[in-house]
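> For reference, the chains in residue letters:
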Amino acid sequence: MEMPLDAMNDISDDALLVLYTNGDKAAAAALTYRLTPMVFSLANRLLNDRAEAEDVAQESMLRLWKIAPDWRQDEAKVTTWLYRVTSNLCTDRLRKRKGIGLDEIAEPEDDTPGVEAQMQAGERAGALRQALAELPDRQRQAVVLRHLEGLTNPDIAETLDVSVEAVESLVARGKRRLGALLLGRKEELGLEK
Amino acid sequence: MTDTEIEHELEVFFAAEKLADNVPGGALLDAVLRDAETLQPDPVGLVQARKPTRWSFRRDIWHALGGWQAAAALSLSLVVGGVIGYTPPEGLSDLAQSVFDTTEANLTGSDYFSLDDLMAEG
Chain A
1 MEMPLDAMND ISDDALLVLY TNGDKAAAAA LTYRLTPMVF SLANRLLNDR AEAEDVAQES
61 MLRLWKIAPD WRQDEAKVTT WLYRVTSNLC TDRLRKRKGI GLDEIAEPED DTPGVEAQMQ
121 AGERAGALRQ ALAELPDRQR QAVVLRHLEG LTNPDIAETL DVSVEAVESL VARGKRRLGA
181 LLLGRKEELG LEK
Chain B
1 MTDTEIEHEL EVFFAAEKLA DNVPGGALLD AVLRDAETLQ PDPVGLVQAR KPTRWSFRRD
61 IWHALGGWQA AAALSLSLVV GGVIGYTPPE GLSDLAQSVF DTTEANLTGS DYFSLDDLMA
121 EG
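First to last, the sequence lines map onto chains A and B.
Numbering (the working numbering) for the first sequence: 1 to 193.
Numbering (the working numbering) for the second sequence: 1 to 122.
A few of these clues could be false.
Stated by the list, open to error - In silico BS3-like cross-links for lysine-lysine, where the CA-CA straight-line distance does not exceed 25 Å: (1) K186/A x K18/B; (2) K25/A x K96/A; (3) K66/A x K25/A; (4) K66/A x K18/B; (5) K77/A x K66/A.
No lab work stands behind these hints: they were computed from the structure.
Take these sequences, add in the hints, and give me the full structure.
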């Protein structure tokens with residue numbers, strides 16, 4: 001017997017993956033709606049391209065479905081595994097993209113005209129994404145995971161397969177670089193009058 | 001500028017990015033769910049439990065004697081014995097002659113216990 005979708009909110013990702021493997025359709029839906037936004041969000045922030053981020057998100061989830069029957073619950077958290085797969089897929093895409101000028105990278109869409117504050121927030125988000133795109137891959141991943149996705153340093157270390165000290169270093173260097181790229185544009189972005 | 005000051009200055013950018021539209025479209029969710037259902041293993045088949053059987057004395061005896069296998073072997077040996085008795089195979093008479101010095105069984109009354117004797121003995 002399958003459980004209704006909203007009854008699965010309290011079930012862990014691991015347990016849902018077991019249910020999925022046992023043929024539970026509701027578990028497939030619950031995992032899709034729970035994990036796809038997370039994966040898409042990371043990919044979109046790392047790639048700064050919505051279409052590419054959707055491709056990466058679908059590919060990451062596809063790999064999850066494929067590995068589900070062989071999933072070993074005690075080895076890794078599903079989210080950490082997904083973050084790692086997504087980060088690696090984004091790195092591959094960014095390497096292929098090298099040689100494309102920064103100007104050709106899509107600006108984040110802002111279709112809420114008329115409200116100045118929202119426009120400014122959009123511009124700042126866009127500026128951040130442009131600055132993130134200039135960071136080395138590992139620094140970008142570390143900063144995004146830490147400050148935008150809200151992961152802890154140990155989780156980031158597991159995701160990137162580095163030590164916690166290395167994560168701290170990557171995040172610190174990434175933020176210094178972001179500071180150098182963004183803080184000179186404060187007036188332009190409405191942060192200083 | 002110290003790292004702490006840089007982090008403080010960057011907070012406004014991180015906050016703006018968190019507010020930005022970063023939600024997947026319905027088409028992506030549909031595609032992911034389609035993949036999930038395509039790759040989902042078949043439901044685990046539930047094995048139906050056997051119904052409990054009632055105790056039966058006759059069935060227990062039948063099983064103790066060997067069941068249908070023993071009954072089949074007994075029937076076969078009866079049929080084969082009957083066939084050999086009515087149409088003995090070639091050579092059987094010679095064998096009987098050499099072993100028993102006769103080919104006929106001649107049962108006389110002395111071969112049996114006398115009913116009268118048995119009654120007398122109690």
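> With a cut-off of 25 Å on the C-alpha distance, tell me whether K186/A and K18/B pass.
This hinted pair holds, its Cα atoms lying about 18 Å apart.
> Quick one, are K25/A and K96/A close enough, alpha carbons at most 25 Å?
violated, 36 Å
> For the pair supplied as a hint, K66/A and K25/A, confirm whether the alpha-carbon distance does not exceed 25 Å.
Cα-Cα ~15 Å, so holds.
> Are the Cα positions of K77/A and K66/A separated by 25 Å at most?
Cα-Cα ~16 Å, so holds.
> Does K18/B lie within 25 Å of K66/A when you go C-alpha to C-alpha?
violated, 31 Å
Comparing the model with each earlier hint shows violations of hints 2, 4; every other hint is respected.
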